[in-house]
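Participant: Sequence:
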Amino acid sequence: MSAPRLIWHLIRYNPWVYSLDLALWVSIILMELTYGAIVKRFFDFISGETTVNLGIGGIALMVIGAALFHFALQIAGINADVHQRVSISTLLKRNLLQNILDHPGARALAAPAGEALSTFRDDVQELENAVNWFIDFVGEILFGAIALTVMIRISPRITLLTALPLAVVLLISQFANRRLKQYRQESRQATEKVTGSLGEILSAVQAIQVAGAEPHILHHFKGLNRRRQTTAVRDSVLRQLVESFLANSGALAMGLTLLMSASAMRSGDFTVGEFALFVAYLELLGVYTTFMGVHLAQWRQSTVSFSRLQELLEAIEPDTPPLKAVEHRPIYYRHDAPPAEPPQLSEQERLRHLQVRGLSYAYPDSAQAVLHDISLELERGSFTVITGRIGAGKSTLLKVMLGLLTKSAGEIYWNDELVADPANFFVPPRSAYIPQLPRLFSASLRENLLLGLDEATVDLEAAVAQAVLEQDLAAMPAGYETL
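Each number in my numbering corresponds to the 1-based position in the sequence shown with 3 added.
Read the hints as simulated data drawn from the structure, not as lab findings. There could be a bad hint or two in this list.
As the list claims (entries may be wrong) - What follows is a list of derived Cβ distance ranges for each label pair:
1. Ile144 - Ser447: 50 to 56 Å
2. Ser434 - Gln243: 15 to 21 Å
3. Ala481 - Arg337: 30 to 36 Å
4. Leu379 - Val467: 27 to 33 Å
5. Lys397 - Glu473: 26 to 32 Å
6. Pro333 - Asp462: 26 to 32 Å
7. Ala372 - Ala477: 43 to 49 Å
8. Gln243 - Val467: 56 to 62 Å
9. Val461 - Arg97: 23 to 29 Å
10. Val461 - Arg88: 32 to 38 Å
11. Lys397 - Val85: 46 to 52 Å
12. Leu164 - Arg337: 48 to 54 Å
13. Arg88 - Leu164: 21 to 27 Å
14. Val208 - Pro367: 26 to 32 Å
Unchecked claim - Here are the simulated DMTMM-like pairs of lysine to aspartate or glutamate, each with C-alpha atoms no more than 25 Å apart in a straight line:
15. Lys397 - Glu350
16. Lys397 - Glu382
17. Lys397 - Glu380
18. Lys196 - Glu314
19. Lys327 - Glu35
20. Lys96 - Glu203
21. Lys225 - Asp125
22. Lys225 - Glu203
23. Lys327 - Glu129
24. Lys96 - Asp376
25. Lys196 - Asp84
26. Lys196 - Glu317
27. Lys96 - Asp339
28. Lys397 - Glu414
29. Lys327 - Glu314
30. Lys96 - Asp84
31. Lys225 - Glu189
32. Lys196 - Glu286
33. Lys225 - Glu246
34. Lys96 - Glu189
35. Lys96 - Glu344
36. Lys327 - Asp424
Everything numeric in this text was worked out from a predicted model, so none of it was measured. Virtual Cβ for every residue (Gly too), placed ideally from N, Cα, C.
Starting from the given sequences, assemble the full structure and let the hints guide the process.
Facilitator: Shown next, in the form of structure tokens:
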């Protein structure tokens with residue numbers, strides 16, 4: 004997807020907030036034109052080259068009034084900017100997480116957790132910046148158009164000759180941005196490998212120690228970090244070189260202004276106030292030319308970040324639509340989300356008889372089936388144990404029955420009715436699953452048990468009793484509030 008289409012789709016998510024943010028920050032940038040006009044008025048007053056005599060007091064009031072108005076705009080702009088940024092980043096993270104949760108749990112995250120976290124953090128921020136900086140880009144374009152129009156009306160010759168270096172430098176920077184996009188992509192990939200490898204190492208510390216593989220693991224990890232260092236330095240050096248090149252264009256334009264305005268001022272065609280205005284506007288044009296180059300580079304980088312988001316989604320579901328990551332959905336960042344509804348089952352829906360017929364499963368990267376033609380029956384109140392050697396597929400069978408893995412063949416019946424979607428059907432209160440490796444959120448025991456449910460709508464004590472957790476709970480120092 005192209006950067007303009009991506010940005011436009013994200014802008015449309017919250018158009019009123021974005022329009023307000025755009026209006027405020029464009030006004031803030033255009034306020035810089037006012038200061039140039041005030042500087043011109045001041046120097047023309049001192050040199051006696053103005054017919055309108057506002058006096059020092061009048062000019063001082065203009066400066067104070069403009070500064071106060073500028074400050075008020077910035078306060079409002081910052082508030083609108085925060086809301087706009089948070090809405091964009093929250094939407095992207097929500098869509099990524101929703102897509103992961105919508106797929107079978109045991110295969111929902113195709114990439115290593117470290118790589119996924121890098122995408123959630125870094126790539127989402129890149130896209131957030133790209134959308135936000137489009138506002139600055141619009142303001143910079145308008146500022147440049149108005150400033151150049153004013154300068155051309157004063158002296159077309161000086162304006163064109165001093166603005167030419169800015170245009171040339173901006174064009175040169177665009178050629179460098181192609182290489183910058185390549186370097187950024189390589190840097191992101193190297194960072195992904197480091198974070199992904201670190202997550203795998205930390206989750207397998209005991210296995211590494213038992214195998215005595217610490218030196219080999221450290222050597223491998225150091226190699227990944229050296230690669231990351233090389234790509235990050237190369238990306239940073241080129242980016243700073245482009246920014247420095249753009250920044251120096253302003254100094255070049257300033258020097259040309261000094262050279263060309265000297266003769267014009269001697270002949271009386273160029274006043275001191277006009278020279279001051281040129282200096283003020285050229286300085287800002289140099290700064291904004293630098294920013295425009297940075298913004299254009301940022302948009303190129305945003306396509307890399309979006310492609311990484313898309314790769315994460317396609318690793319889970321190959322046919323994921325391109326706009327899945329930016330799909331418009333409700334988010335709750337300014338008020339609380341509606342409370343989660345506790346699951347309810349009628350008496351007719353409660354388990355009486357569970358039947359599995361011809362259940363089979365093979366891992367996607369394996370031609371040999373782990374499970375083949377498994378059939379069993381469970382009656383309400385009965386106790387069933389599945390036994391077998393290590394690696395026989397006991398846990399896999401449970402995951403396939405619960406829909407955490409997608410079955411290759413077979414049928415599951417609940418009370419003699421076919422279960423079409425096990426992943427969404429076998430959830431509490433119909434069933435519960437305790438994995439071999441427990442995973443808890445960094446929150447209190449109460450929050451881990453409720454998982455967003457309102458405590459007033461559920462029987463927490465009964466759940467603890469049913470899970471035979473009373474003795475463990477009594478031994479915990481803070482009870483339900485134990486972290």
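Participant: Is the Cα-Cα distance between Lys196 and Glu314 25 Å or less?
Facilitator: holds (15 Å)
Participant: Assess, step by step, whether the Cα of Lys96 is no farther than 25 Å from the Cα of Asp339, and give holds or violated.
Facilitator: Measuring from Cα to Cα gives roughly 17 Å; hence the hint holds.
Participant: Is the hinted range of 26 to 32 Å satisfied by the C-beta distance from Pro333 to Asp462?
Facilitator: holds (30 Å)
Participant: Check the hint pairing Lys327 with Glu35 against an upper bound of 25 Å on the C-alpha distance.
Facilitator: violated (40 Å)
Participant: Compare the distance between the alpha carbons of Lys397 and Glu380 with 25 Å, and conclude whether the hinted pair is satisfied.
Facilitator: Between Lys397 and Glu380 the Cα gap is close to 16 Å, so the pair holds against 25 Å.
Participant: Is Lys327 close enough to Glu129, meaning Cα to Cα at most 25 Å?
Facilitator: holds (18 Å)
Participant: Using the Cβ atoms, figure out if Ser434 sits within 15 to 21 Å of Gln243.
Facilitator: violated (56 Å)
Participant: Taking 25 Å as the top limit, are the C-alpha atoms of Lys196 and Glu286 close enough?
Facilitator: Violated: Lys196 and Glu286 sit about 42 Å apart, past 25 Å.
Participant: Does the alpha-carbon distance linking Lys96 and Glu189 stay inside the 25 Å limit?
Facilitator: Holds - the C-alpha atoms of Glu189 and Lys96 are around 23 Å apart, at most 25 Å.
Participant: Is the straight-line distance between the alpha-carbon of Lys225 and that of Glu203 25 Å or less?
Facilitator: Satisfied, since the Cα-Cα distance of roughly 15 Å is no more than 25 Å.
Participant: Tell me if the beta carbons of Leu164 and Arg337 are separated by a distance inside 48 to 54 Å.
Facilitator: Distance hint for Leu164, Arg337 holds at roughly 51 Å.
Participant: Is Lys96 within 25 Å of Glu344, Cα to Cα?
Facilitator: holds (23 Å)
Going down the numbered hints, you'll see the structure goes against 2, 13, 15, 19, 24, 25, 32, 33, while the others check out.
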